[in-house]
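S.K.: Residue numbers (the UniProt record's numbering), protein chains in the order written: chain U, 1 to 281; chain Y, 1 to 281; chain G, 1 to 285.
FYI, nobody ran anything at the bench for these hints, they're computed from the structure.
A partial selection of chain U residues facing chain Y, derived with a Cβ cut-off under 10 angstroms:
(1) ARG103
(2) LEU105
(3) ARG165
Over 12 angstroms on every C-beta distance to chain Y, these chain U residues come out as not near it, computed from the model:
(4) ARG83
(5) ASP131
(6) MET139
(7) GLY155
(8) ALA185
(9) ARG188
(10) PHE256
(11) MET268
Predicted model, so just to flag it, every value in this text is computed and none were measured.
C-beta: ideal position from N, C-alpha, C; glycine also.
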Amino acid sequence: MNPVTIQPHQPGPGTDTPMLAVQELGKSYPSRKGDVLAVRSIDFAVHAGQFVSVVGPSGCGKTTLMMCIAGLLPITTGNVMFRGERMSGPRDGVAVVFQDYSRSLFPWLTVEKNVALPLRDRGLPRTEIRDRVRESLEMVGLAHAAALHPWQLSGGMQQRVAIARGLAVRPEMLIMDEPFASVDAQTRASLEDLLLKVWAETGTTVLFVTHDIDEAVYLSDRVVVLSQGPSVVVEDLPVELDRPRDQIATKQTALFGELRENVYSLVMASQRRTSLSGDPH
Amino acid sequence: MSDHGAKRSSLAASAQAMGRGVQSLWLLAALLVVWEIAARLAGSLFVPPVSQIFVAFVDTWLSGSPSSLFLSDQFRVDVLPSLARLGLGYGAAAAIGISAGILIGVWRPAGAFFNPLIRLGMSVPVTALLPIAIVLFGITSGMNVFLIALGCLWPILINTYDGVRGLDRTVVTAARSMRLTRRRYFLQVLLPGASPAIFVGMRISIGIALVLMVISELYAATAGLGFYIVSQQRLFRFPELWAAIVLLALLGILFNAIFAVVERVLLRWHRNVRPEGAEGH
Amino acid sequence: MSDVRVSHPVKADVPAPSPSGVPTAARRRGPTPDWAYGLAGIATMFVVWELVVRTGAVSADSLPYPAATMRRAGELLVDATFLTEVAQTLWAWLLAMLAASAVGIPLGLTLGYFSAFYRPSSSVVHAGRSIPSSAFLPIAILLFGLGTQMKVSLAIYAIFWPILLNAMYGVRDTEPLMLATGRSMGWGRTRLLTRVVLPSAAPSIATGLRVASSTALIVVLSAELLGATSGVGTVITTYQQAQRPDFVYAGILLVGLLGMALYYGFNLVERLVVPWGQAQRESGR
Numbered sequence: 001m002n003p004v005t006i007q008p009h010q011p012g013p014g015t016d017t018p019m020l021a022v023q024e025l026g027k028s029y030p031s032r033k034g035d036v037l038a039v040r041s042i043d044f045a046v047h048a049g050q051f052v053s054v055v056g057p058s059g060c061g062k063t064t065l066m067m068c069i070a071g072l073l074p075i076t077t078g079n080v081m082f083r084g085e086r087m088s089g090p091r092d093g094v095a096v097v098f099q100d101y102s103r104s105l106f107p108w109l110t111v112e113k114n115v116a117l118p119l120r121d122r123g124l125p126r127t128e129i130r131d132r133v134r135e136s137l138e139m140v141g142l143a144h145a146a147a148l149h150p151w152q153l154s155g156g157m158q159q160r161v162a163i164a165r166g167l168a169v170r171p172e173m174l175i176m177d178e179p180f181a182s183v184d185a186q187t188r189a190s191l192e193d194l195l196l197k198v199w200a201e202t203g204t205t206v207l208f209v210t211h212d213i214d215e216a217v218y219l220s221d222r223v224v225v226l227s228q229g230p231s232v233v234v235e236d237l238p239v240e241l242d243r244p245r246d247q248i249a250t251k252q253t254a255l256f257g258e259l260r261e262n263v264y265s266l267v268m269a270s271q272r273r274t275s276l277s278g279d280p281h
Numbered sequence: 001m002s003d004h005g006a007k008r009s010s011l012a013a014s015a016q017a018m019g020r021g022v023q024s025l026w027l028l029a030a031l032l033v034v035w036e037i038a039a040r041l042a043g044s045l046f047v048p049p050v051s052q053i054f055v056a057f058v059d060t061w062l063s064g065s066p067s068s069l070f071l072s073d074q075f076r077v078d079v080l081p082s083l084a085r086l087g088l089g090y091g092a093a094a095a096i097g098i099s100a101g102i103l104i105g106v107w108r109p110a111g112a113f114f115n116p117l118i119r120l121g122m123s124v125p126v127t128a129l130l131p132i133a134i135v136l137f138g139i140t141s142g143m144n145v146f147l148i149a150l151g152c153l154w155p156i157l158i159n160t161y162d163g164v165r166g167l168d169r170t171v172v173t174a175a176r177s178m179r180l181t182r183r184r185y186f187l188q189v190l191l192p193g194a195s196p197a198i199f200v201g202m203r204i205s206i207g208i209a210l211v212l213m214v215i216s217e218l219y220a221a222t223a224g225l226g227f228y229i230v231s232q233q234r235l236f237r238f239p240e241l242w243a244a245i246v247l248l249a250l251l252g253i254l255f256n257a258i259f260a261v262v263e264r265v266l267l268r269w270h271r272n273v274r275p276e277g278a279e280g281h
Numbered sequence: 001m002s003d004v005r006v007s008h009p010v011k012a013d014v015p016a017p018s019p020s021g022v023p024t025a026a027r028r029r030g031p032t033p034d035w036a037y038g039l040a041g042i043a044t045m046f047v048v049w050e051l052v053v054r055t056g057a058v059s060a061d062s063l064p065y066p067a068a069t070m071r072r073a074g075e076l077l078v079d080a081t082f083l084t085e086v087a088q089t090l091w092a093w094l095l096a097m098l099a100a101s102a103v104g105i106p107l108g109l110t111l112g113y114f115s116a117f118y119r120p121s122s123s124v125v126h127a128g129r130s131i132p133s134s135a136f137l138p139i140a141i142l143l144f145g146l147g148t149q150m151k152v153s154l155a156i157y158a159i160f161w162p163i164l165l166n167a168m169y170g171v172r173d174t175e176p177l178m179l180a181t182g183r184s185m186g187w188g189r190t191r192l193l194t195r196v197v198l199p200s201a202a203p204s205i206a207t208g209l210r211v212a213s214s215t216a217l218i219v220v221l222s223a224e225l226l227g228a229t230s231g232v233g234t235v236i237t238t239y240q241q242a243q244r245p246d247f248v249y250a251g252i253l254l255v256g257l258l259g260m261a262l263y264y265g266f267n268l269v270e271r272l273v274v275p276w277g278q279a280q281r282e283s284g285r
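Please take these sequences and the hints and turn them into a complete structure.
M.R.: Below is the structure:
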């Protein structure tokens, strides 16, 4: 819960080609009664160094969208461009952190080996791999846990291992799918600050998918709001809160409250159209 | 777990282990006593008292010189050939079953192609193939090995297949996002992930292997434990016959214990392993 | 005590009509349905079988032509003597199943429920099930003769352990939280037993019975091949001695189909009687 004291991050000033461009992305699943449309048409772009969140009501196809962007699911229509190139599958330079850390970490490997895994067979010298693993584990404050197995760690620690694994490849872009959804509130706050610190240190672009509005506003440079599925982009809001951000001070500012309310009403409005009830947070 | 006081705790632990031993073995001992008394009272020729079986056991199997670990010539003549057949048949079944199971698990067309054949194959009670095996191999060790291998093949094959198909999808997706090489994926994701199921199959098979070893040797063999049992029956030497049965039981318990140890070491990460080895849990 | 089964891939393999819009990255071709591959597999087996015999790789004396085998299988299926022997085998199987469950299930439930019995009895069980049932065949023949009694008693010995053990494990593995829930509703021992313990042990018991079902068939057949005077196994031995491999193979094929029928019959009954077993098994992984 320490306030993060680091230099504010400068989002890359309008480079010509964005790091990531999602163009009219649509996704449907075949089913017995014909195709089911999960994502109708999504457009947005992320520039190098930006921290962009995607929020939407539950069931709006956020995870599907994330998987499509990461190249883990084939898209039905549209394009995903990474640095101006069409993405047709998982690629180097993009790392993914999944929501379900307990299942995305390999329980049969130690923490160290989990983090090292994506670095193998890349022609990196052994020492380089070791240094990078060490470095990423230090970044998330888990250097001491290298020899343990994931299941010997708490949920928050496991998710930090997953983040370290993403960072180890020094990705240009980190895609995170509700990474903090399964940890308790305090752990979540400290993980958020940890992420901001790592983001500022590494300059990695982050695409952060979440259903938590506070989290999205607190972390991001921009918040992309999706509608209820089959989803479209409802709004693309810039978040001009000062950095570094602070769990208490930032959240007390009038601007934060305003943005929060704004996003909340957008999400609620898109949700009200369907009969789904319940608190989006 | 701490180093200091390790000595005291190891003493306490061995006392505790002894207590546990008594706790878990008293019923077995009591049943053996009941057997002894009942057999003496009934005076049955076919079911001799435990004490006689014990004497016969020592005479038959453990009367050798210390240089041969006290194992008798009889042990060399009848047990070693049986164990060799068991080892060969089981080894072949494991090699074929695991590789074929992985193949059909990974490659869906292969799975669909072999599915009906496997279902039929596993449904044929393997002993029904005894007549065929004799025609194909004659009364040779090859016949016994063939039968053992065929009987053990199905559980290993099917459990391997289940293990591969049952791999957690998050695990597979995470591995995909890291773009591992095929070899790396196979060695560090697929194989370890499927190994608990593979072990289940191998454990089931070891029992089947023992049954088939005995049956095939009862049916046709010129040496081996099964052969020994039939010959003792013809000679009406029942304590010796029972001594052979006891030896089989001990072999079964030994194999289970070996499995329990190997599993504990190799599958330490797999928290759901249910110990069901000889130690009884 | 895992359950040995071929689980069907559960993907929806319905060929999808081309979606509206511009198809891009998704290169979709209509996937060949599983049954087509399966048919191809069966066809290939017959072709290979035929070729192996025709080329003389295996002599026709030890491996008959597939067509001849099929014809013989058809003849056996309408042969009253053969069917009587099948009935004999099934009768022994049924008796063994009934007797072993009648003793094994209640005993297993009791031993699993009272923790004082659990440890000592499990070491007895492990010792007992370590003896391959086939080793008792010579003794059983002397004790019980060559009739149904011998087959049944051997089969009972073989399947008693898995039935007992699965009942014990089933009770043992009752979710403590479910028991606590029951207790919080003020249920006494009897109600906990009938409403929580039994239902949650049922899938495990069913697994034990399914394993036992195929084991019992194997043991009964073995006894028939090795000396018993009735049953389908004796028919196969007779044909073997008469040097009629076509009938031997036909008999084995039919026995295989019988085993399959028992297996799937069990699966079906299991799914109807303990439909919650599937979910439990899946989450247990």
